[in-house]
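Construct the complete structure from the given sequences, taking the supplied hints into account.
For the record, the sequence lines run as chains A and B.
Counting with UniProt numbering, you get residues 1 to 234 for the letters of the first sequence.
Counting with UniProt numbering, you get residues 1 to 243 for the letters of the second sequence.
In short, the hints are calculated from the structure, not lab data.
Do not take every clue at face value.
[Said to hold, decoys possible] Covered by chain A, per the in silico footprint, the following chain B stretches (three or more residues, Cβ under 8 angstroms): (1) 82 to 90; (2) 97 to 107.
[Said to hold, decoys possible] Among the chain B residues that face chain A by a calculated CB cut under 7 angstroms, a handful are: (3) Leu-62; (4) Arg-93; (5) Pro-134; (6) Arg-136.
Quick reminder that beta carbons are idealized off the backbone N, C-alpha and C, glycines included.
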Amino acid sequence: MLSEDNAFITALQLILSLDQTLVGIVSLSMQVSLTAVLIASVLGLPLGAAVALWRFPGRGLVIVVLNAFMGLPPVVAGLVVYLLLSRAGPLGELGLLFTPSAMVIAQVLLILPIIAALTRQHTEERWEEYREQLTSFRVSRLRSIPTLLWDARFALMTVILAGFGRASAEVGAVMIVGGNIDGVTRVMTTAIVLETNKGDLPLALGLGLILLLLVALINAGAFLISEEAKRRLG
Amino acid sequence: MNDMHAASTSAPLLTLDKVTFRHRGQTLLQNISLTLSSQGSTIVMGPNGAGKSLLMRICHGLLTPTSGRLHWHDTGGRPPRQAMVFQRPVMLRRSAIANVTYALAVQGTCWRDRKPLAREALERFGLTDVAHRPARVLSGGEQQRLALARAWALRPAVLFLDEPTSALDPAAIKAVEDAVTDFGRVGTRIIMNTHDISQAKRLGDDVLFLCQGRVVEHNNAESFFLAPRTRDASAFVRGELVW
Numbered sequence: 001m002l003s004e005d006n007a008f009i010t011a012l013q014l015i016l017s018l019d020q021t022l023v024g025i026v027s028l029s030m031q032v033s034l035t036a037v038l039i040a041s042v043l044g045l046p047l048g049a050a051v052a053l054w055r056f057p058g059r060g061l062v063i064v065v066l067n068a069f070m071g072l073p074p075v076v077a078g079l080v081v082y083l084l085l086s087r088a089g090p091l092g093e094l095g096l097l098f099t100p101s102a103m104v105i106a107q108v109l110l111i112l113p114i115i116a117a118l119t120r121q122h123t124e125e126r127w128e129e130y131r132e133q134l135t136s137f138r139v140s141r142l143r144s145i146p147t148l149l150w151d152a153r154f155a156l157m158t159v160i161l162a163g164f165g166r167a168s169a170e171v172g173a174v175m176i177v178g179g180n181i182d183g184v185t186r187v188m189t190t191a192i193v194l195e196t197n198k199g200d201l202p203l204a205l206g207l208g209l210i211l212l213l214l215v216a217l218i219n220a221g222a223f224l225i226s227e228e229a230k231r232r233l234g
Numbered sequence: 001m002n003d004m005h006a007a008s009t010s011a012p013l014l015t016l017d018k019v020t021f022r023h024r025g026q027t028l029l030q031n032i033s034l035t036l037s038s039q040g041s042t043i044v045m046g047p048n049g050a051g052k053s054l055l056m057r058i059c060h061g062l063l064t065p066t067s068g069r070l071h072w073h074d075t076g077g078r079p080p081r082q083a084m085v086f087q088r089p090v091m092l093r094r095s096a097i098a099n100v101t102y103a104l105a106v107q108g109t110c111w112r113d114r115k116p117l118a119r120e121a122l123e124r125f126g127l128t129d130v131a132h133r134p135a136r137v138l139s140g141g142e143q144q145r146l147a148l149a150r151a152w153a154l155r156p157a158v159l160f161l162d163e164p165t166s167a168l169d170p171a172a173i174k175a176v177e178d179a180v181t182d183f184g185r186v187g188t189r190i191i192m193n194t195h196d197i198s199q200a201k202r203l204g205d206d207v208l209f210l211c212q213g214r215v216v217e218h219n220n221a222e223s224f225f226l227a228p229r230t231r232d233a234s235a236f237v238r239g240e241l242v243w
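Given below as structure tokens:
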């Protein structure tokens with residue numbers, strides 16, 4: 001049994017020597033979460049802006065549901081996707097369960113509400129400010145969507161980073177639908193759980209350090225973006 | 001409403017027929033009927049809450065009247081090309097020049113023409129040096145000039161100005177007034193509201209005087225300021241409060 005000190009040093013060695021297993025796990029994590037963020041952004045940004053722009057029956061309900069789903073527990077998202085994709089489920093034919101695609105789907109489900117709900121808030125603020133001017137320009141609602149998204153771009157980058165942070169740090173959903181299969185669906189968070197249980201602390205710690213670094217980088221990115229926005233846009 | 005057709009020596013541009021606007025049970029504009037001629041500049045005056053800004057927004061199409069209708073004469077009932085400059089300029093979060101090219105883009109100007117037109121408009125309003133600065137960090141006076149440049153680039157037939165100088169210092173006010181005169185010189189129909197009587201005298205051909213949601217007097221500017229026909233208008237011109 002390694003002492004924790006040694007585990008820490010071994011963890012650093014694993015990172016610095018670009019250990020094959022470690023690199024594989026980190027790169028799969030990145031692929032899954034970046035794909036999920038990309039899909040959730042493509043869907044969530046226009047969806048949020050549309051909810052901000054249009055008044056329709058049931059709009060309040062949509063907003064409440066989006067806000068509520070921001071706090072969706074990852075294991076519940078995982079369970080829902082598991083039921084959909086399992087052999088007996090409605091999408092079982094696709095054979096996606098225990099593949100990275102299933103993990104992407106679960107993470108999209110988790111972060112789509114975050115991106116859509118926060119986009120709705122930011123674009124609605126812009127819309128209140130711009131409505132008269134855009135109406136004066138005779139800009140249609142549909143054409144206003146890209147305008148509002150662009151003019152909220154700095155705030156929205158922070159929103160997307162928040163989505164990425166959530167996707168890359170959650171463990172429950174990817175564990176359930178991915179199955180933590182070595183070399184196939186093992187990502188940073190599920191590997192940390194497994195290695196800690198096994199007592200292989202260096203790998204767990206190494207991955208933990210990378211995850212921590214990633215979260216720190218995301219926050220630094222969000223901070224820099226908002227500072228830049230203040231400086232450039234007033 | 002003692003005269004619907006004052007100062008309408010040239011062809012009519014816009015007729016309002018019994019326009020009423022209600023909001024949350026309150027009647028804010030009542031039975032407004034008037035005709036604006038196709039030339040010159042109309043100054044809309046009246047105490048706070050008279051409905052001046054509201055009337056402009058209805059004419060510009062930002063608001064729909066609760067009842068009554070608008071008729072644009074020259075263009076077969078369809079609104080002509082128009083623009084509006086607001087009291088507090090609304091600047092998009094982009095550079096000064098991008099604010100102008102955006103307005104051109106949504107108006108359907110071919111992308112090759114946008115930059116040259118925008119540059120010309122910025123130059124005309126002395127904004128060339130700040131063309132690539134973010135619009136929202138410009139001073140209040142520069143922002144209002146940018147709003148005017150943006151309107152200029154759109155080549156409107158009618159320009160609405162809603163108290164465009166109320167938040168500006170004297171130099172900036174002068175720049176806005178010069179711009180309004182320039183618009184008039186190229187044949188743009190000006191409809192502007194202001195609280196500043198001397199400004200109204202400098203810029204107005206006719207005055208539309210509103211009080212409590214009604215048109216009290218519509219007269220050519222000279223007569224309005226020298227010899228108002230109504231008691232309310234003469235009290236207003238003398239600087240007494242009108243309720």
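We went through each hint and held it up to the structure:
| no. | hint | in the structure |
| --- | --- | --- |
| 1 | 82 to 90 | holds (count 4) |
| 2 | 97 to 107 | holds (count 4) |
| 3 | Leu-62 | holds, 5 angstroms |
| 4 | Arg-93 | holds, 4 angstroms |
| 5 | Pro-134 | holds, 5 angstroms |
| 6 | Arg-136 | holds, 4 angstroms |
In the structure shown, no violation is registered for any of the earlier numbered hints.
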